[in-house]
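J.: Chain by chain, the residues:
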Amino acid sequence: MKVNGVPYPAPSDHRRLLSDHLRHDLGLTGTHVGCEHGVCGCCTVLLDGAPVRSCLMLAVQAEGHEVATIEGLAAVGAPLHAVQQAFHECHGLQCGFCTPGFVMTVVGLLRQHPNPTPEQVKEGIAGNLCRCTGYASIRRAVHRAAELSQQ
Amino acid sequence: MLGSLEDAKVLAGGQSLIPLLNFRLARPAHLVDINRIPSLDRIYERDGGVGVQALARQAAVEDSDVVARVCPLLAEAMRLVAHRVIRNRGTVCGSLAHADPASEIPAVLLALGGHVTVRSARGERVVPVGDLFRGVFETTLARDELLTEAWFPAVPGAYAITEESRRHGDFAIAGVVRAGDRLALFGVAGTPVLADPKQPTQGLHPSADLEASPEFRLHLVKALTQRVFAA
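Read top to bottom, the protein sequences are chains A and B.
All residue numbers for the first sequence refer to this note's numbering, where the first residue is 393 and numbers rise by one.
All residue numbers for the second sequence refer to this note's numbering, where the first residue is 1314 and numbers rise by one.
Worth flagging that the hints you see were computed from the coordinates, not collected in a lab.
Where is the CB? At the ideal position from N, CA and C, for every residue including glycine.
One or more of the hints may lead you astray.
[Unchecked claim] So the derived list for chain A, only partly shown, Cβ under 10 Å to chain B, looks like this: (1) ARG407; (2) GLU428; (3) GLY430; (4) THR436; (5) LEU439; (6) VAL452; (7) GLN453; (8) ILE517; (9) ASN520.
[Said to hold, decoys possible] Computed cross-link-like contacts, DMTMM-like style, restricted to lysine to aspartate or glutamate with a CA-CA straight-line distance of at most 25 Å: (10) A:LYS394 <-> B:ASP1354; (11) A:LYS514 <-> B:ASP1483; (12) A:LYS514 <-> B:ASP1376; (13) A:LYS514 <-> B:GLU1389; (14) A:LYS514 <-> B:GLU1477; (15) B:LYS1322 <-> A:ASP412; (16) B:LYS1535 <-> B:ASP1509; (17) A:LYS514 <-> B:GLU1375; (18) B:LYS1322 <-> A:ASP405.
The shape of chain B in the complex, shown without the other chains:
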């Protein structure tokens, strides 16, 4: 269906897409609402990690026993994603497909080295997280492809996620995710990026906006990295 429609957008949780529609910032010709597809909301253990299907709400992931046991980093990250009322609708896979550079979930997937499964009428393929994000709000998915599942590997050892924002639930000015020895940053580049924990700001050129200057963002990256690796 996605392949047959010109200018179609997938509507899952809608917590990012509908604000864009309300402001007429996005004006797709068609919306394909996937919410009524049965059994696409599973959260389950597989291959030493957690599979999160396209319609699994962020609140369900936050409350999931499987996630708490296998990948507690993901559960911890949920609490930083907007507010519970938003998480009641918003989906994990939707956040990945939306690819907001300030979003926590893409950075968690990157830190863990997970992957996503995408499907179209042409078949199914697995996209490693390193090949998923192309730019600001941009993924490498083709327009006829639906992101059907994300796979988060079990956390290898110590983990933490922390961010700086004006208020709890606001977009992050800068954030860091630790998964074992791996460090991923968000809010400081066009996509989430992996960084060297010893030199986390190397090669970074964050942009300025009303919230923060590039220098302040670099400072935050250093300070937050120290914090997550101190534990």
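Isolated chain A, as found in the complex:
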């Protein structure tokens, strides 16, 4: 499988979840693991461009596919990705634990709806839990990210 454009050897343990493979085997700890049953959204990554829960896939299932994690959005030292920039500007994060999952979800959401309505934003982030912000600033960040993406 390719992760952020880099080819990696096949996972050796067939029982390994993609989330654990990314973190423990590849050292990509930006993908966070919260609930491990698909409820919290922290582990969201892109699989062939579409957001999925990495805790609800076995790593071997990603063989032959392209995975994108939060680490792949912007190189170290490079300008932030539009969604990251928007979260930064709008205070869309506090503790940051849920943020990688939110950002990857929003990247997928904006591919589906480049100009999302408030209702689409609400529905689009309903599968991600944040215990700090109360979501208002995250919703603002999604709309801001849509603006930034079109500039």
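For chain A, the structure is supplied; the task is to place chain B on it using the hints.
T.: Relative to the frame of chain A, chain B by itself:
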């Protein structure tokens, strides 16, 4: 292969099975991953309805032009199935085989009077929806059978699906599907059930849980039925 393995589970979208594995609630000896079977993900018009194959993702059904044209009820139901991120992996046929009593898709198939096609080394057979669901998380499929396709007939006239849940994407406390004059309920019995639109709660004995009492579920069935038949 399913027939030759003791204690095997089919892995399609995995959005229900993998949480069960993560919690060790299910511990099958073998997983048979069907995701690499080519051309098993078609969504196509046939026999006055829509055929949805085993690997068609819920998100693809949600976005499908064929579904929007022939069976818009199915497209509308998709938006109530968990969240888009889950629907990117989850499959329609997987939801049917999983047979969660609170799931929308089995109730839609029931309201429309569709069927599923199942295949094993012994051959292929068609199972009408009325013969598919046996109990909570239980279908009449044999352990060597794979649900390869679901067929949803075109919607006969007015249609609607609505449900009550704590938040969008949560499991439904109770839900109703209208397809023409037919009414199916979900979340209020061990399987989805057909009901009389004039007396939707007749014969129902929903269970209590942390979300709702039986009385509240019965109230929801009445209120939601009124709503879908008022339109």
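J.: All hints are to be evaluated individually against the structure, with a verdict given for each.
T.: Hints versus structure:
{"no.": "1", "hint": "ARG407", "in the structure": "holds, 9 Å"}
{"no.": "2", "hint": "GLU428", "in the structure": "holds, 5 Å"}
{"no.": "3", "hint": "GLY430", "in the structure": "holds, 6 Å"}
{"no.": "4", "hint": "THR436", "in the structure": "holds, 6 Å"}
{"no.": "5", "hint": "LEU439", "in the structure": "holds, 8 Å"}
{"no.": "6", "hint": "VAL452", "in the structure": "holds, 8 Å"}
{"no.": "7", "hint": "GLN453", "in the structure": "holds, 6 Å"}
{"no.": "8", "hint": "ILE517", "in the structure": "holds, 9 Å"}
{"no.": "9", "hint": "ASN520", "in the structure": "holds, 8 Å"}
{"no.": "10", "hint": "A:LYS394 <-> B:ASP1354", "in the structure": "holds, 23 Å"}
{"no.": "11", "hint": "A:LYS514 <-> B:ASP1483", "in the structure": "holds, 14 Å"}
{"no.": "12", "hint": "A:LYS514 <-> B:ASP1376", "in the structure": "holds, 19 Å"}
{"no.": "13", "hint": "A:LYS514 <-> B:GLU1389", "in the structure": "holds, 17 Å"}
{"no.": "14", "hint": "A:LYS514 <-> B:GLU1477", "in the structure": "holds, 17 Å"}
{"no.": "15", "hint": "B:LYS1322 <-> A:ASP412", "in the structure": "holds, 22 Å"}
{"no.": "16", "hint": "B:LYS1535 <-> B:ASP1509", "in the structure": "holds, 11 Å"}
{"no.": "17", "hint": "A:LYS514 <-> B:GLU1375", "in the structure": "holds, 18 Å"}
{"no.": "18", "hint": "B:LYS1322 <-> A:ASP405", "in the structure": "holds, 19 Å"}
Checked against the numbered hints listed earlier, the structure breaks none of them; every hint is satisfied.
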